[in-house]
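Undergrad: The listed protein sequences derive, respectively, from chains A and B. Just so we're aligned, residue 28 is where the first sequence starts under my numbering, counting upward by one. Just so we're aligned, residue -3 is where the second sequence starts under my numbering, counting upward by one.
It cannot be assumed that every hint is accurate.
Below are the SDA-like pairs computed for lysine to any residue, each with C-alpha atoms no more than 25 Å apart in a straight line [to be verified]:
id, chain 1, residue 1, chain 2, residue 2
1, A, Lys375, B, Arg170
2, A, Lys220, A, Asn174
3, A, Lys47, B, Thr131
4, A, Lys47, B, Arg52
5, A, Lys47, B, Ala94
No wet-lab data here; the hints were simulated from the structure.
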Amino acid sequence: MPNPEHQQAQELAASAELAKARGDSEAAHSLYARAADLELEGFRQLSQNEPRSRGILAVSYAALLFKARLYDRAEVAICGLLADPGIPPEFRDELRDLLQVTWEERLLESARLRDSGAEITVALRGGTIGAGTAPAEVAAHYLNGFNLLFSRIAEHEMGHPLRRQGPPPPAVQKLFQARATQASAGSYRFSLKLLEPVLEEGSRGPDAHRVSRLTLEVLRAVAHNDQAALTDAVPAGSYRLALARLIRNIVPAGDALAEVEIRTESDGPLEAVRLVPEDRLTVNEAIRALRSLPEQAEAREETIAGTLRAVHLDQHWIRIVPEEGPPVEVITTPEDLDDVIGPLVNRKIVARMSRGGRSERGRPQLLDLELLED
Amino acid sequence: MRKPSQVVTGTATARDRATGSALVVPSTSMPTRKSPLPALGSLHLRHPGFYEPLCRAYADAAAICLSESHTSPIEIEIRREGSSCLRELAWAEPLPDALASWGNSHEATEQGACSVGLATVETELGMVALSRAETRTGADFYVGPPGQSLERAHRLEISGTKTGRLRDLYSRLRQKIRQTRRGLSRQPALACVVGFRVRMVVLTSPEMEAGDA
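Just chain A, same shape as in the assembly (with noise of 0.2 Å):
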């Protein structure tokens, strides 16, 4: 232990993070700040001749101001803490990680004061990701993912049944308008906003605010595989799935994006989703929870792995290239929707699919199909 200071600093962290826990955003806030300034005093009384742990405190400092979204405070600090000879390179590099967020929370609070909309910010992060740039088939991927995903929502908290096909009705496109945002460091972010449509008398119209803060209630829920907290944001069965699926077109596959942060206009950094490669699983099995299959017994399930080549959902069936081989024409069902499928064309795919039982003429049924990793 370096010093007494350090170790209360840790307990209010401690305490910060149960806070936090609790929901209790303001209490958590106000304890990582205590926390910050006891950090501070305790990296003072360290010398020179203990670089590993004035690293360690140092890094430590800066994230408790981060978290206590003091950001002028932790813009400040980190320079300086750059600027000391003394801090080993290993947590140089943590800390100008840190910078790079802080920045974008000022560059995002400073937003907010000129558009107090409902809307959902999402960062891009990691991988082949840089400062305000990303490749256009990454970022392209990820506006219409997102794109698809609210628009979904929205006509579900208007009350539509599940749209089986074709794009949204014209009026949830209307509510829309996706915005890329301002370059900032380490990241490309875009936003997309919610309008407030005039609506003819008598008509509904969705609450803007309760869309964005659903969407991240579902986001969280999936990713999270938390069945009871998806069926209380998402009563309706058939929506529940067809959104878990278009949450897993999101969450990043292998190392091309390390981090996918969702937030709604009102969500600090600390309540922010973030989606990172390792919840696929999670979400792999939350969808496999949603979907009931019926029992076959004289059917075997198969995968494939290739390139998603065509597809004909009025016709009931895509057509799958492997790597090697003939292409395989899978049959699907109705639960499979061309904005769940549609951005998976030319990419590659897995497929899991089942064969024999009540699989026509000899062709495999899907039973899932997911883009792949890396």
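Given chain A, put chain B in place with the hints provided.
TA: Leaving out everything else, chain B in the frame of chain A:
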């Protein structure tokens, strides 16, 4: 390779052992039975970096994750480089308060894994949590022998999973190792993944896995 739909319950099968050992942590012999893991709710007595209320909350989280698939006590397999052992792990049935406060399954898995991971590090390596390591989104731990200064401490990255498949456990371990190497290449570090459903803890040092992940 196991089909994605198949689920393993209980301890590892021979095939899993072969697959797992080929991936990251060689397990060269049958696991030997050793002394139990310490009580999770009292780790704070020996771990100065594990604040008591947090220790108790994380122990509750571990109990919730374990109770989903098992009844206390169980034998949990601990794999390290070249060795494997079985240790008893006991827990108290989670109370309604604890169940309510750990409604978030993902956080319960991660924090419960910290509890089991620290108990494993104490038993296997004689190390205790010396300090929390604050990060942007949470905290890791610095561990070392009791009384050691932070100057020579190891950073401990812990993760947990409730998957029923060993290959997922090893996949998570590889991700942790990559993450540890990327961010902390010049620090001594340990990576630990706790598989609640498969009753297994895998503990490794990324330096020892340098040619693998």
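Undergrad: For each hint, tell me whether it holds in the structure or not.
TA: Okay, the hints, checked on the actual structure:
no.	hint	verdict
1	Lys375/A - Arg170/B	holds, 22 Å
2	Lys220/A - Asn174/A	holds, 10 Å
3	Lys47/A - Thr131/B	holds, 15 Å
4	Lys47/A - Arg52/B	holds, 16 Å
5	Lys47/A - Ala94/B	holds, 15 Å
Of the numbered hints stated above, none is contradicted by the structure.
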